[in-house]
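S.K.: In case you want the letters, here they are:
There are 2 protein chains.
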Amino acid sequence: MITVSVIGSGNVAQHLIKVFSKTTGIELVQAFARQPESLLHLLPYEKITNDYQKLQKADVYIISVTDNAIAEVSEQLPFKDQLVVHTSGTSAISILDSKNRKGVFYPLQTFSKNKEINFSSVPLCLETEDETDFQVLEKVAQAISEKVYRISSEQRRSLHVAAVFVCNFVNHLYYIGNEVCDKNNVPFEVLHPLIRETAQKIMELSPEEAQTGPAKRNDTKTIDQHIEFLKDSKYQDIYKLLTQSIQDVSKKL
Amino acid sequence: MITVSVIGSGNVAQHLIKVFSKTTGIELVQAFARQPESLLHLLPYEKITNDYQKLQKADVYIISVTDNAIAEVSEQLPFKDQLVVHTSGTSAISILDSKNRKGVFYPLQTFSKNKEINFSSVPLCLETEDETDFQVLEKVAQAISEKVYRISSEQRRSLHVAAVFVCNFVNHLYYIGNEVCDKNNVPFEVLHPLIRETAQKIMELSPEEAQTGPAKRNDTKTIDQHIEFLKDSKYQDIYKLLTQSIQDVSKKL
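Protein sequences appear in the order of chains E and U.
Oh and the first sequence: position 210 is 210 in this note's numbering, straight run, nothing missing.
Oh and the second sequence: position 13 is 13 in this note's numbering, straight run, nothing missing.
Check each hint, because a few of them may be wrong.
Because identical chains cannot be distinguished in the list, a pair is counted as satisfied if it fits within a single copy or across any two copies.
[Claimed, not checked] Calculated pairs, DSS-like style, for lysine-lysine (alpha carbon to alpha carbon, straight line, at most 30 Å):
#, residue 1, residue 2
1, K216, K18
2, K221, K115
3, K231, K139
4, K251, K240
5, K57, K251
6, K18, K231
7, K216, K115
8, K113, K231
9, K147, K216
10, K115, K47
11, K57, K221
Worth flagging that the hints you see were computed from the coordinates, not collected in a lab.
All chains, please: the whole structure from these sequences, using the hints.
M.R.: Here it is in structure tokens:
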């Protein structure tokens, strides 16, 4: 049995609390929340604290707070020589206070409040300074997910940049597509199979092989019609920039 | 039994030939290809012609060629008063020659040469000038797909613009994500679950609810780090423009 405590009450913290609570081989000792009531729907009162001094012994302390607060929270911990990890995609391992042993436990997934996550397919990117600590963290990770990776701080930084493109920016393109549909009285669901297939295709083909559309075909007539159709100058700029970028890739091939 | 002939030998034409060949209730009479050998892996020699004069009688003639060639192909057909449809997302129904009855049979999906398609979930967007023709086309569509929509030329134009955003541009963001991973020795497959979940989420949440990431959180420190990390000025421009656009949406909410 490995014991774990979660420090934080945000989106990722809550998803971790949920999955640890139901995982055999892991005991969730406590959760720390400045406002304990924010976690009462997940844990009994006696398992939640807002006082660092009351944190009990655990094999791993997982700090899951906003990037700006990680350093400060790790400083405030009243113990030393324990394994303390953060869950951030952007912060280096070194941001943690040196009085404890450091690690990173980064779940690479998009967590929304109103959407359940199947943790078994969430990639967990692990880093520690010490090999024994890595093995402990790996056991925790393998208990909840089938996809566990050893990823350095530098690699994690690049993964996070890539994740912004393939998730956050992709979702914004869905937003624009949805808006274009709404304005023209077409149900957005007509596009759902296309969205699904576009994502599915990238698991089997390279992005170059998977690329289709007017930019790839250099179909300037369609491109010009689309730009005119859009009217909104910001969407026109996005259309032009991404079209140009696709064409630059095609030229390289 | 409804009889169908496909005119064209490109990507979409080949997918249609494949699905019609194995669909009960539909008889594929012929396919027209300028180079008949390009279809020999799909059809026996006697079912392929490169001579318009040899096109036999069918209930529906489906012209599946590049947009620029649709008008000319429809003019060259040696018969009149038949149901002739095209498969284009961008061209209006009116582009077809008026000697025949016009229609559109637009499969809204991304077709790649090396990737099989399950046609039953491909949305088919239909349009005709005549209601009886619509019923014929609807029967053909329903024989191969569960998702059949009546979509006007104007609606189809907007759908095609939206499709460029949610498919072609999305795939290009996958390309950039892949490149960032490659340059930093991280396997792109680490991002596969995130890509899948981002697409899945949009079936359940609105794009506004589904939006996450530094732009949404207005995390300027991370945004600046990412822009610096990217180095490539074109990718920096894409990052800035999409970040700005996400923030403009957040302000409106």
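S.K.: When the hints from earlier in the document are held up against this structure, which numbers fail?
M.R.: Of the numbered hints, 3, 5, 6, 8 and 11 do not hold.
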